[in-house]
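Residue numbers (numbering that gives the first Met the number 0), protein chains in the order written: chain A, 0 to 229; chain B, 0 to 311.
Worth flagging that the hints you see were computed from the coordinates, not collected in a lab.
A few of these clues could be false.
Here chain A is said to cover these stretches of chain B; the calculated rule only asks that three of the stretch's residues, wherever they fall, bring their Cβ under 8 Å from a Cβ of chain A [stated by the list, open to error]:
1) 217–226
2) 230–236
3) 273–287
On the chain B side, residues computed to face chain A include the following (Cβ under 7 Å) [unchecked claim]:
4) Asp212
5) Leu258
6) Ile266
Distance windows between CB atoms, simulated [said to hold, decoys possible]:
7) A:Glu224 - B:Asn261: 15 to 25 Å
8) B:Asp33 - A:Ala223: 31 to 41 Å
9) A:Val14 - B:Arg138: 38 to 48 Å
10) B:Asp33 - A:Gly48: 38 to 48 Å
11) B:Pro94 - A:Gly113: 37 to 47 Å
Predicted, not measured: the structure shown is a model, and the values here were computed from it.
Positions of the beta carbon are idealized from the N, C-alpha and C atoms, including for glycine.
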Amino acid sequence: MGKDLATGTTFPVAVGANYQTRPTIAGRSVAWLELSSDSTRLMVQSLDGGPLTIVATLPLTQGQSDGPTFGEVALSDTYIAWSEVAPRNANRLHPWTLRIMNRVTQRSNTVVAGVLSPSGTRPQLALSDHQLVWTLGGVQITDLQSGATRALFTDPASDPVIQGDVLVWISQSSLWGVQLPSGTARQLAANITTATSVTLAGGWLVWQNAGGPQDGRLTARRLAEVFVGR
Amino acid sequence: MKRSTSIGMGALALCALLTAGFGSTGPVAAAQGDSRSFPETGHTVRGPFLQYWQQHGGLAQQGYPLTEELQEVSDTNGTTYTMQYFERAVFELHPENAAPYNVQLSLLGVFGYGHRYGVWGVPNQHPSTENPRYFPQTRHTLGGTFRTYWEQHGGLAQQGYPLSEEFQEVSALNGQTYTVQYFQRAVFERHPENVGTPAEVLLSQLGTFRQRDKYQNLVIPAPGAGRVQLGPRGSASYLVWTEGTPGQVGSQDILGVNLQTNQPLTIANGLGDQSTPAIAGSLVVWEDHGCGRPAAAAISWAKIWQLERHFR
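Excised from the complex, chain A in its bound form (with noise of 0.2 Å):
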């Protein structure tokens, strides 16, 4: 379902028998992942309407607990980026893909392979125009016109969010940042330890805390503040 704020009116995005989960959107696209009897499609769509393409399917093995799945979706007005992690493989680990769609020429490729472990964390996306930040062990970015690809930042992280020229993300449930393109990636404040998901809304960095005394409660701090100095 979707609402415009701006309108109060509210609108279906995805219906039907199927089952639709993990929207996302930019502009005026959502893109989501629809689960049928017998796959898995990552979709898209624009709210005026217009052709549903469906970017990637993946085909549901009946009886088959550990099947090739979708990992994390990010969407911006000219690309579409998700991964595919494949049953496991012979050493146990699961292979894994970063693909991106180029929604103007309708182009896939690959951006990056590799393996993970059972137990390992997913590569999760933030995406911003042609600029593609994942979490894999650390942060990397790549330009998605150029291909080249640079690591922002190298201990475990999680949870990227970039919005313009800032990117953000939770390292060890502390919150660290950089102001791109120079930047150098910094904890934007020392006092923060029960970061579990973070978001930028306009100029606040506004993140989820569990644990300490405001467990389960949303706190904000200024951006201006949290990158003065920077």
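Fit chain B to the known structure of chain A by using the hints.
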């Protein structure tokens, strides 16, 4: 960036034009010597700032003062200046310069454009072909009614160079689409409903939103008893999240807050769970696991678990 394309802004600007006369300072304030107090906002403008305000369009161009003079570090060069916020501009005092260059305007359009569209700008822009004037300094073109307005209202000194071409922008406040163009110190907005009047081109209240960005606190409502707030997501104008009671099926709702007004929002609180919101501008989408959802009947939960397990 928070910028106005709202009915409220338009109404205020139009009201200002009708009451004050376009380009005049209008009988809106109590003047005394080189200072003028504005009961509408409770602030006073003095000295060089008042002189600049009077000589550069007054109320219609600059808007009401929102603050007294204050000391602030410039985001442009890191230097501390005496500043004063107005609805559509922020004045900086540069005593190192002789008049009329001792008062300069902050680059609100630069801040706003970067805040909203990042370093890569807006895709699919189209230069105006109506009486166009090209600016090699920023490689953008000014034309039509926007060029007329720019030339009649201070030009480079007041508005700055164009930072974009004209493009369609959906208002974060009222969902209406307007043709806009960003400049270093302003955003022009074309209002077809005002064609033929001085209000055909209106300025966004960049000063208002800049002041809110820097000085207004964000008030996030506390969760209800026994409930927790999860998965915040934000846009330039809104913050949304999931709120629910741990372990209680059907308790999850989508809530939010308007960053410009601090108004709390109940976005979706129907039967069943609503969760995992995503937002762009004013548009929110979410997973609806309401009781009427047809998916559960068609798809086995084992398969749903297979899909969902990688997000756990």
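How the hints compare with the structure:
Restraint check on the stretch 217–226 of chain B versus chain A: 5 residues with Cβ-Cβ distances below 8 Å, three needed, restraint holds. Closer than 8 Å: that is the beta-carbon criterion, and the stretch 230–236 of chain B has 7 residues meeting it against chain A, so the requirement of 3 holds. Counting residues of the stretch 273–287 of chain B whose CB lies closer than 8 Å to any CB of chain A gives 13, which reaches the minimum of 3, so the coverage claim holds. Contact between Asp212 of chain B and chain A, as hinted, is supported at the beta carbon level, the nearest pair being about 4 Å apart and thus within 7 Å.
Annotation: Leu258 of chain B was flagged as interfacial toward chain A, and the flag holds, the nearest CB pair being 4 Å apart, inside 7 Å. Taken as an interface hint, Ile266 of chain B checks out: its beta carbon lies about 6 Å from the nearest beta carbon of chain A, inside 7 Å. Distance hint for Glu224 of chain A and Asn261 of chain B: a CB-CB separation of about 18 Å, consistent with the stated range 15 to 25 Å. The hinted range of 31 to 41 Å is satisfied by Asp33 of chain B and Ala223 of chain A, whose Cβ atoms lie roughly 33 Å apart.
Checked against the hint of 38 to 48 Å, the C-beta distance between Val14 of chain A and Arg138 of chain B comes to roughly 45 Å, which is consistent with it. In this structure the supplied range 38 to 48 Å is violated for Asp33 of chain B paired with Gly48 of chain A, their Cβ-Cβ distance being about 59 Å. In this structure the supplied range 37 to 47 Å is violated for Pro94 of chain B paired with Gly113 of chain A, their Cβ-Cβ distance being about 59 Å.
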